Amino acid sequence: MAETLHIAIVRRVRKTHIADFERALTEFASRSLAEAGARGVHCLYPPPGSDSNEYGILRSFASAADRDAFYETALYKEWLARIAPMVEGEPTYRRLEGLEAWFRSAADPMPPRWKMALLTWIAVWPVSMIVPAILLPLLGPNFPHVLASGVIAGGIVAVLTWGAMPLLVKLAHGWLQPGNRTS
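Start counting the sequence shown at 1; every next residue gets the next number (UniProt numbering).
Don't read these hints as lab results, they were simulated from the structure. Remember, it's a predicted structure, so these values are computed and weren't measured experimentally. Heads up, some of the hints might be wrong.
[Claimed, not checked] Simulated crosslink set (DMTMM-like; lysine to aspartate or glutamate; CA at most 20 Å straight-line):
1. Lys15 / Glu54
2. Lys77 / Asp20
3. Lys15 / Glu88
4. Lys77 / Asp66
Could you put the whole structure together from the sequences, leaning on the hints where they help?
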């Protein structure tokens, strides 16, 4: 199963350039969707009336190669040059993994937290029984308990991350996103 990559970027914008930055961000986000491997972009603005000058950009790519290629495009380099006088400091980049990445989709809003928690519980319950049942006999009775717990926890996380959660999110899409029947 191809795995979409999600990147969160935070930029601090100079207070005197907020309107210019917002216009530039809207234009750049729209144009960037035409790039190969782009799977989506979401722009996060500070709450109205807040003193925050932090803007978030959530980008989704089809692969790491597509992400790397995007950051080498003329479009991206022009964007950086255009906003240089508008921003403070360097951006922060973070790859989203774990819960937020399991449920993140370029086409859909995040589902309610209770649905994410319930679906995660549905995955964790059987995985937390199956993984120890498989690994404990392999480790043997003399394997140190603390290390066995660590190996089992690692096995559970691996099964959830690369198997159970991607599959369950795909199967439960209609329930997670009841308003979107096109996917």
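Original post:
Checking against the hints above, which ones are violated?
Top reply: Failing hints: none at all.
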